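**Student:** Sequence:
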Amino acid sequence: MLPSTVGDLLLPHEPRPSFTVDLTREFKQIADRCDVWLSVRGSTLLTGHAALEQAEEVRKVVEAILKLGVPREAVHLADVSIDSKSGVFTRSTEAAYALRVEVTDLARLADLLTAVTAPKTCRLVRIDYRFSDDEAVADEWIAQTIGDCVRRAKAVAAAAGVTLGTLREVTHEVIRPRPSSYSSDSRLGGFDDDLIGTRLTETADSLPGPVVRERRVRVDAGLRYEIGPPDDPAAGATA
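Residue numbers for the sequence shown follow this note's numbering, so the first one is 1 and each next one is one higher.
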């Protein structure tokens, strides 16, 4: 396409000046489920599914969990460790069974902790609180943060005596913290020690604060606008 004027040929159009508005908002999110990690000391060494049904100490803990309405498929044998000073391993060798219990009703968590830690052979090791990663919820947070960003951009433009031009760039990021966890023992053995948190004693009554946990999710957003012409030419000349 040929230039319409000599000026277009000699003086190419320069991009309009722009400005950027960045904003951060935090949103509270309540945990909707958790994993309860237990350590059960057993007098016999068994592995696999047999441990949940035939190791007496483990079976009693599992029965107490099921009585509270927790489905059987939510109870998992995560690990088995053995304690033998002689180095000889038999069925009578004492073992420590690591159980992971998926709890989807946090209203029953305190009852579950009281039930499973009643036997002296069972110890609460850790609670990992889980949060929904529903993208629809994240989209609402992003929309709210970008909306606040637009309002701030308008306020900045009004204070500078200019108008908002074309929106050139939109950025956003949802930053979720690591899962929250409470632990009663820093020596977790086969457990994932990346989630060790505040120490927790073995009874439900000593849980620090409310049972339901929450986290803060951060949303960062940024908008880059071209600067439009001033509303009032006189104001633009003095700006």
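By construction, these hints were calculated from the structure, which means they are not laboratory data. Computed from a predicted structure; not experimentally measured. Backbone N, C-alpha and C fix where the C-beta goes; we use that ideal spot for every residue, glycine too. It cannot be assumed that every hint is accurate.
Stated by the list, open to error - Under the rule of at most 35 Å between Cα atoms (straight-line distance), these lysine-lysine pairs were calculated in the DSBU-like manner: (1) Lys120 / Lys60; (2) Lys67 / Lys28; (3) Lys154 / Lys120; (4) Lys154 / Lys67.
To be verified - Ranges between beta-carbon positions, derived for each pair: (5) Ala159 / Arg218: 22 to 28 Å; (6) Pro71 / Gly147: 54 to 60 Å; (7) His49 / Asp111: 44 to 50 Å; (8) Arg218 / Pro71: 31 to 37 Å; (9) Ala159 / Leu68: 19 to 25 Å; (10) Asp105 / Asp134: 17 to 23 Å; (11) Glu94 / Ser132: 36 to 42 Å; (12) Pro71 / Ile30: 42 to 48 Å; (13) Lys60 / Thr104: 19 to 25 Å.
**Student:** Lys120 and Lys60: Cα distance at most 35 Å?
**Tutor:** holds, 12 Å
**Student:** Does the Cβ distance between His49 and Asp111 fall inside 44 to 50 Å?
**Tutor:** Given a distance of about 26 Å, which is not inside 44 to 50 Å, the answer is violated.
**Student:** Just to be sure I understand the hint, the distance between the Cβ atoms of Ala159 and Leu68 should be within 19 to 25 Å; is that true here?
**Tutor:** violated, 59 Å
**Student:** Is it true that the C-beta distance of Glu94 to Ser132 lies inside 36 to 42 Å, as the hint says?
**Tutor:** holds, 40 Å
**Student:** Return holds or violated for the Cβ distance of Arg218 and Pro71 against the range 31 to 37 Å.
**Tutor:** Once the Cβ atoms are compared, 35 Å apart, the range 31 to 37 Å for Pro71 and Arg218 holds.
**Student:** Take a quick look at whether Lys67 and Lys28 sit within 35 Å of each other, Cα to Cα.
**Tutor:** Holds, because 33 Å separates the two Cα atoms, which is no more than 35 Å.
**Student:** Indicate whether the distance between the beta carbons of Pro71 and Ile30 respects the range 42 to 48 Å.
**Tutor:** Because 23 Å falls outside the window, the suggested range is violated.
**Student:** Checking one constraint from the list: CA of Lys154 to CA of Lys67, max 35 Å. Satisfied?
**Tutor:** Violated. Lys154 to Lys67 sits at ~59 Å, over the 35 Å cutoff.
**Student:** Next pair to validate is Lys154 with Lys120; report whether the Cα-Cα distance is within 35 Å.
**Tutor:** violated, 64 Å
**Student:** Lying within 17 to 23 Å: is that true of the beta-carbon distance Asp105 to Asp134?
**Tutor:** For Asp134 against Asp105, whose Cβ atoms are near 18 Å apart, the range 17 to 23 Å holds.
**Student:** Cβ-Cβ distance between Ala159 and Arg218: within 22 to 28 Å?
**Tutor:** holds, 27 Å
**Student:** Does the hinted range 19 to 25 Å hold for Lys60 and Thr104 at CB?
**Tutor:** holds, 23 Å
Of the numbered hints given earlier, the model fails hints 3, 4, 6, 7, 9 and 12; all others are met.
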